[in-house]
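Asks: Residue-level listing of the chains:
Number of protein chains: 2
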Amino acid sequence: MHKTSETFFPFRYCYERNLAVNPQGGNTGLVGGSVPVFDEIILSTVLMNRIISFDKVSGILVCQAGCVLEKLNEYLEEQGFIMPLDLGAKGSCHIGGNVATNAGGLRLLRYGSLRGTVLGLEVVLGDGSALDCLASLRKDNTGYDLKQLFIGSEGTLGVVTAVSILCPQKPKAVNLAFLGCQSFAKVLETFTTCRAMLGEILSAYEFMDEKCMELVERHLKLSSPVTGSPFYVLIETSGSNSTHDEEKLNNFLERAMTSGLVTDGTVATDDKKIKALWSLRERITEALTHDGCVYKYDISLPVGKLYDLVTDTRARLGRSAKNVVGYGHLGDGNLHLNITAESYSHSLLDAIEPFVYEWTARYNGSISAEHGLGFKKKQFIQYSKASEAVFLMQRFKAMLDPKGILNPYKTLPSGS
Amino acid sequence: MHKTSETFFPFRYCYERNLAVNPQGGNTGLVGGSVPVFDEIILSTVLMNRIISFDKVSGILVCQAGCVLEKLNEYLEEQGFIMPLDLGAKGSCHIGGNVATNAGGLRLLRYGSLRGTVLGLEVVLGDGSALDCLASLRKDNTGYDLKQLFIGSEGTLGVVTAVSILCPQKPKAVNLAFLGCQSFAKVLETFTTCRAMLGEILSAYEFMDEKCMELVERHLKLSSPVTGSPFYVLIETSGSNSTHDEEKLNNFLERAMTSGLVTDGTVATDDKKIKALWSLRERITEALTHDGCVYKYDISLPVGKLYDLVTDTRARLGRSAKNVVGYGHLGDGNLHLNITAESYSHSLLDAIEPFVYEWTARYNGSISAEHGLGFKKKQFIQYSKASEAVFLMQRFKAMLDPKGILNPYKTLPSGS
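Those protein sequence lines, which keep their order, are chains A and B. Residue numbers for the first sequence follow our numbering, so the first one is 102 and each next one is one higher. Residue numbers for the second sequence follow our numbering, so the first one is 102 and each next one is one higher.
One chain only, chain A, in its complex shape (with noise of 0.2 Å):
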């Protein structure tokens, strides 16, 4: 095992002084999990950025909580693989605090969640004492599987010191297709078009309206060579042969344009056209910030009615609202609807809010697909959760934090 500790002892110090702690890696969350809120300290793993090891032959990286996604994933391509997940905030998030969200982000739909690709973890208890899972097998069916409840808890039953994951090989080929569509409904048959001919070299289906596009060619000045769609689509191939991928994509792309799926169009095949075409959808929060005052929703719903939100949200706040706009990750049923406005107001809010849980709760949605709950959403729990479940997860709370010194205020609600 490569235990990095023994006793945590910056935690063994507040434990034994009943000082509340707030862990913090690259401070890139949205949703203020990695803010204190009172007086707690705050624990960083900026200087836990060690790579322990990295085994060619099965793909598993073992490293300390605090490196940065974008460096590890450097680090790996040198040795022909990638990191299992890619996100918008790679360049400073750290792997530590992606496993403690569960970061999902633009290769989820080819890679899985981490949930499957995270093997093992390092956690360090709120007593101090390290809880040492820091296994390095894809199958390990000892007993229950205990990384799990760390994943995604957000830093309040534990905090990662360390973690052990599978990462895929470098894809040999990349292709990227930018495309126009007429509407959300071609968006949607386009995705399932895609997914039958791309199969399995299909490695992302982003979708993002007109609005979004506005924003980001008047805020950012980039401009998009496809123009003049309501709706626009990247897909992304990777795979082992750029031959057939090309054939593959070439055969996809006929069948959309002859069959009126899509009405525009451009394919890139190297790397500076496919780094100019993803930043069209990866600077639209970028893009938002620069337009007013910005209200963030992260929202999964059955993929068919993942647009009906953003319409019904853009109906019902005329014109209280600058802009509201609909954007994500289609592959995965993940809306992420923005809404700007010159200032903040407090009727705007009451005006979107709950409306927008109400909605997503009617159709089985998730009020957090993947930005976790952190302080600011941690109320709303109860919009996709059961309250026998949310009183569940109180009672692990308890049992693994007694003293509540672990990010308090966080993830479950308070005065329940």
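There may be inaccurate statements among the hints.
In this list, chains with the same sequence are indistinguishable; a pair is considered to hold if it fits within one copy or across any two.
As the list claims (entries may be wrong) - Using 30 Å as the maximum straight-line C-alpha spacing, the simulated DSSO-like pairs for lysine-lysine come out as follows: (1) Lys373 / Lys271; (2) Lys374 / Lys322; (3) Lys406 / Lys271; (4) Lys273 / Lys406; (5) Lys477 / Lys504; (6) Lys157 / Lys406; (7) Lys312 / Lys406.
Note that these hints are calculated values from the structure, not bench results.
Following the hints, position chain B against chain A.
Replies: Chain B only, in chain A's frame:
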């Protein structure tokens, strides 16, 4: 939400009367997890065999726990999908039991573990109350992922009554190669070569030693088209384009042959021949039962060490064992080590155990890769799990099953 029951009456009855319950699906487990030890009441899921829903856009199946795996697969194949797991016992095992034991099997290499593909569960707790986590969303980060605790806990924390699971598309093309290798080192090198050249279409990489082949031929009268090698590997590809897949496979086979990794082999593309080749691998377990008393071990190890355990065990036991054979899911680092003898002997068992467990622990392996601990292996958990982890598991058990009536005497060590 798709509730099948608010309160599960048989359980409530048992809880109130302090009666222990042994949940049982297809009763195909190999470690005694589904068999009562003393006077437990068997709770069979056999009548809970209803498919609740299947969504063709998302590929998400929701069904009751008693559905037989093969039946589910047949149902899905008609709609162009497959189950993400496949195992020898598919004709009788139940999906609820698969989830409760975190079953691995033949497709894990491609589609990942149930921890990633199971999206939701309905579970009945020890007091008879139902816990509804039966979401059908690929992403949901609202609070702790409670369902993970029930996956692989062998019915000791709650009983799975319904499952929501993400199913992959049925591959349009399947190919099988059955090859002979002259050493285990070549089996490993063949693996890294085929993983690089077959990439995303590789769906199984199984191996078996010549002893396995002998037993399958002798006891089941199966005949292999490939003979005379100390090791055999079975490589399956599953993809969306038969021309591309065959080209990839042929390129790989040419490389493997010319570089001497492989000395003999055959390829199958039609269903009948594919099934015949698979049965050489899948029926090893059956052949072993005809060979006498079988001592079974299901071990995870770093892949390079996998066969050393077989060699060392064979050397240690000498003529006191009839046969010592090794086979398994090499791509997952999972070895099935089996030892046969004319009849059960305590002294032979003493020669095997704890030797095999100590050997496995030395290389940070798992003493139960996919079979679980059940009744037979629970006392050996400490070879793969740290004592503080076992202690924490016991606290979870005490919290969720305070009366100790849920599948007692299983999974966790007694008397500690």
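Asks: The structure should be examined with respect to each hint, and the outcome stated for every one.
Replies: Going through the hints against the structure:
Within a single copy, lysine 373 and lysine 271 get their C-alpha atoms as close as 18 Å, which meets the 30 Å cut-off; across copies the closest is 35 Å, which misses it. In this assembly of identical chains, the alpha carbons of lysine 374 and lysine 322 lie at most 30 Å apart only when taken from the same copy (16 Å versus 59 Å across copies). Taking the shortest Cα distances, lysine 406 and lysine 271 sit within 30 Å of each other only across copies (25 Å), while inside one copy they are farther apart (34 Å). In this assembly of identical chains, the alpha carbons of lysine 273 and lysine 406 lie at most 30 Å apart only when taken from different copies (29 Å versus 35 Å within one copy).
When the C-alpha separation of lysine 477 and lysine 504 is checked against a cutoff of 30 Å, the pair qualifies only within one copy, where the shortest distance is 22 Å, while the shortest distance between copies is 38 Å. In the homo-oligomer, the alpha carbons of lysine 157 and lysine 406 lie at most 30 Å apart only across protomers (14 Å), although the nearest pairing inside one protomer, at 42 Å, exceeds that limit. For a Cα distance limit of 30 Å, the shortest separation of lysine 312 from lysine 406 inside one copy, 19 Å, qualifies, whereas the shortest one across copies, 56 Å, does not.
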